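Novice: As a plain string of letters, each chain reads:
There are 4 protein chains.
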Amino acid sequence: MDNLKTIRLGVIGAGRIGKIHAENLATRIPGASVSAIADPILSAAQETAERLHIPVACADYHQILDDADIDAVAICSSTDTHARLIVEAARTGKHIFCEKPIAYDLAKIDEALAAVEKAGVKLQIGFNRRFDPNFRRVRQMVRDGKIGDVHILRITSRDPAPPPIEYVKVSGGIFFDMTIHDFDMARYLSGDEVEEVYVAGGVRVDPRIGEAGDIDTAVVTLIFKGGAIGTIDNSRKAVYGYDQRVEVFGSEGMVTAFNNTPDSHVYSNAEGVHSAKPLYFFLERYMDSFIAEMKEFVESVQKDSPPPVTGADGRIPVMIAMAATRSYMEKRPVKLSEI
Amino acid sequence: MDNLKTIRLGVIGAGRIGKIHAENLATRIPGASVSAIADPILSAAQETAERLHIPVACADYHQILDDADIDAVAICSSTDTHARLIVEAARTGKHIFCEKPIAYDLAKIDEALAAVEKAGVKLQIGFNRRFDPNFRRVRQMVRDGKIGDVHILRITSRDPAPPPIEYVKVSGGIFFDMTIHDFDMARYLSGDEVEEVYVAGGVRVDPRIGEAGDIDTAVVTLIFKGGAIGTIDNSRKAVYGYDQRVEVFGSEGMVTAFNNTPDSHVYSNAEGVHSAKPLYFFLERYMDSFIAEMKEFVESVQKDSPPPVTGADGRIPVMIAMAATRSYMEKRPVKLSEI
Amino acid sequence: MDNLKTIRLGVIGAGRIGKIHAENLATRIPGASVSAIADPILSAAQETAERLHIPVACADYHQILDDADIDAVAICSSTDTHARLIVEAARTGKHIFCEKPIAYDLAKIDEALAAVEKAGVKLQIGFNRRFDPNFRRVRQMVRDGKIGDVHILRITSRDPAPPPIEYVKVSGGIFFDMTIHDFDMARYLSGDEVEEVYVAGGVRVDPRIGEAGDIDTAVVTLIFKGGAIGTIDNSRKAVYGYDQRVEVFGSEGMVTAFNNTPDSHVYSNAEGVHSAKPLYFFLERYMDSFIAEMKEFVESVQKDSPPPVTGADGRIPVMIAMAATRSYMEKRPVKLSEI
Amino acid sequence: MDNLKTIRLGVIGAGRIGKIHAENLATRIPGASVSAIADPILSAAQETAERLHIPVACADYHQILDDADIDAVAICSSTDTHARLIVEAARTGKHIFCEKPIAYDLAKIDEALAAVEKAGVKLQIGFNRRFDPNFRRVRQMVRDGKIGDVHILRITSRDPAPPPIEYVKVSGGIFFDMTIHDFDMARYLSGDEVEEVYVAGGVRVDPRIGEAGDIDTAVVTLIFKGGAIGTIDNSRKAVYGYDQRVEVFGSEGMVTAFNNTPDSHVYSNAEGVHSAKPLYFFLERYMDSFIAEMKEFVESVQKDSPPPVTGADGRIPVMIAMAATRSYMEKRPVKLSEI
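Protein chains in written order, with my numbering: chain A, 4 to 342; chain B, 4 to 342; chain C, 4 to 342; chain D, 4 to 342.
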């Protein structure tokens, strides 16, 4: 590690996820330092900068892009700015970590990826769940052939509570906002590509979600090129907490990953046997994965090796989300080749 | 119990399931006795009769139907004879326990149910899994409102090994032979009716199953009248044994039933932590349920109460299997109202 | 099996355990038939005989011993009669299954074992837990060397509720009545002999147990000849049900057996994750083992092979119980060689 | 938090545990900063200082004690120096976090505690396991009365591999080096004091440990003042990894804490069902607890509140270890009042 250059980063966006990445980069990632943080709400940038001893806080992200001493940026701003920021950052020669999704629009995504390719910089997309120890172990066992050929893949992904209705309205819909992580997980775990999508879904949790033009409950069937079949079930509200399980079944066996809990206690009394609920939500459940993804991004820049989640990995789930949306609207299976 | 009449039964069919029911009725069901057993292969009937001290063994089941001292029959013959035997038994005024499915053909089923209704006898269909303690407990919790409104229902149902190809050829296809139990379970657990079916499936286990015109791997999506969404995943071959799990998720919680194992040991060594595989197949896994369903049938006759699994319960899963078959053929969701 | 002689048994005692053995022998053990059942309370014998189609019910067990057509007896009477009945049954040449313990007195035990040896009949002691699938699997793994040399052995054995105080007064004390099963289990699982015993115990559950001269809570340390150390913890009252777990730890690994439950359901709601309590008590928990021990007894008579639990296996736990009693009284470790 | 003073610490000792505390204090504890680190091996102090941006590295800890700007010290040096360093630090008015045990000698401990009391500084002892989420939850349930009166307490504490023989020779013996954590846990979980100790133990893992005058396998029985009975089992070598479980059983229920694993995967194949081993050793298993104990120490200094683990909490386990050692030597139960 000692001979590797320290990577200086600028963080763009000081909202919830921006703060997490800034803190991890500043304190938990060997070989990384944060030179600046930008947010249109300057006070948010300043507060985080002060807490984490980041030298520069600014309202205008151009200050980061214009700083020749900064090697890489972490784009943590609102989704509608991602593609544009990727293009701008690439033009200044910065390596890029960008939160998912790149955009809701394939043309914008393609423009961003073209800019990255032209600039020859690295781009890593923030599909952090790939770095979760449970799912990583499942992937490893699939890749090592422990389950043989994949026949059936099951993903359960349920939030503890729906987001505010105002958020739902601008979220792009459940498939772009929530299931997109599961689409990525399906590709990651199977090592295969999705060919066709079928959606059964509805509004079961909160009628206001329906009024906002979205659904809150969905079961998605995926058909993979290699012949495996996947099923994803989503709900915006699991009263027992964040439910994040996967199962891969194949010719030689099955591997399942269960939820994580805050502790391992089991309590037995006259009523039954009781244990802890899953960790509440993604901040608790996936904290380790946020650190791990950033570690690998920094290493990829340091060692000039390919990033572990590529631009193509960011583009394909958007296509699957488009196919899912169409399947739900048209009540039929939709092929990705139709998109 | 003492004041209840002992029910005398005739068992029609001395194959695998006939032997099980004969033995349970002869030795484990209070208030039941077996008067006769019939099988076209007389030696099969004789062998079972001798072992279980059943007074009469015969090749022709009419001997049972003609015996005025026999109160009820258990129809355990091949599927193609079920509907005809129900009609004949009903005409002789015998109460009827019949293995699933009644027939592959709705007209035949309707004829059988009409005969039963006309004769005023009881008919119970052999959907034994409803009597399994795990699934019964799940149903009880759903019925008691413990999970609130049902949103998502998941059934995993995988056999340890495919049946012989000769059997596959006459089985009616995976949906009539295997998934039919899961269709019944979906209705039983949810307390709701299926409105629409979508199937993704293929041949992943053994190409000879495909050559026989069947598939061996399937993921079925069910849409219920009440808005819940169900998913069933089937495989003809799980190398780790018979996989029989269900999960019901709703507005107030989730209840899951896991597999049963031959013992509870857990072994930890330098390689990992190891425990027992699921019980091998349905004879091991569901033995208690075969006893329990027959106990309830006998009680229903003794007490003149409705049988716990009715003729309608036998008819509807056949309709769902038809819709599933059509969905697979036509690659689209199929409504039950189309059948 | 066909060529093996059917064994005709007489059951002595029609109390709780006598009824269980009579029913198992009459209906669930291939190759066994029950010719007679005796109980001083004639009506108890008659009721069981009628229910199970046993030809003879009598008040005087001599009627069984005098019946030359009876091959074997199952002694299920009160403990104070066991040794005498063994002697008498042996003299009439009957093979003997006897409930534990043989007696509270080594001289009586030795007299009984001598009579058995002289008569050349088989004697099996009713340590049924050896036939439980969980413990049998643990024993098998230890015997197969899967855990290497045994270092530590842990037994948890807790009843759901204390017996009536009247029973406690004549029970011989917790070590003879309850822990004796665990002493047998310690020998069975380790394949080793106990050399020394130390007891820490007290009255924690019910002061009336203390007034009756007994204790209700105990932690027993066992030192084995081979150097392993065992610990048994007992309570007369676990509010969550019958707690029967064992763990064997050694140089190559550990094997643990957990409790059995009536079903496998897991319920998750806003309060936590909940599952079923252990099976309530020994009748539920050990029913399979009662059948299995009797099957092996019958086979041992049929095949003239050694019974799986010998007279010596019945004697040694009594010695350990004596050492435990003395350790508790004298507040010091006691060697078995002192007994 | 904002109004609380930042606490400046000096870390004494840059060995394994010193490095952990230095890193946690420098990067993960809000309100703490590390001003200096001392180690007789200056290069060790320098290396850690450089890595963590600690301004001062020195060979002589007096440099820390003499620095008036330093508020508190973390004593992470070898055990034989703890008591003396506590005395010296107290005299300079520094608050003190000290690794366990304070000393092997009660006179030295009493001298240290007297110095602390006289100086009016805070002293917290490094029994980090109290801050582990599993054990903390168990303690909370016991304290909240969820299990009623405590009857039986069980602790399993097994290392994955024995320490080097050179370390064993100076470790003070298994009870001072390893079981001392379990003695503290027994007091913490029960909320009660130990009255009597009995040990059964031996050399089962490695004869060289015996040659060094120590044992490697032990089962300790504890009798508590309130009548509960505890049992601790220790081994220096569990091939499956670090085994850290506790169970508290009482009049109203039982609460158990199981091991932690690196991930939640379960793999089923033709051989069985397999999952991950426990986390390897204390660094992996207890990392969170090292952070949490230090957070609470810093808060206790900031808020002038009592530290969560006191000097008395450091003294009593040493007494229990002494009683355990005597019990093993004299092969009898030993009362703490004898020490």
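Think of the hints as simulated: they come from the structure by calculation, not from any bench. It should be emphasised that the depicted structure is a prediction, and the values quoted were computed from it without experimental measurement. Check the hints yourself; a few may be wrong.
Simulated coverage check for chain C against chain B, where a stretch passes if three residues somewhere in it have a Cβ under 8 Å from a Cβ of chain B [what the hints assert, rightly or not]:
1) 250–257
2) 265–278
Below, in silico cross-link-like pairs of lysine-lysine (DSS-like), each with a Cα-Cα straight-line distance of 30 Å or less [claimed, not checked]:
3) LYS22(A) with LYS338(D)
4) LYS240(C) with LYS306(D)
5) LYS298(B) with LYS228(A)
6) LYS298(B) with LYS240(C)
Take a look, some chain D residues computed to stay more than 12 Å from chain C by CB distance [unchecked claim]:
7) LEU45
8) ALA71
9) ALA241
Heads up, the beta-carbon is just placed ideally off N, CA and C, and yes, glycines get one too.
Novice: If you test the structure against every hint from before, which numbers come out violated?
Specialist: 3, 4, 5, 6, 9
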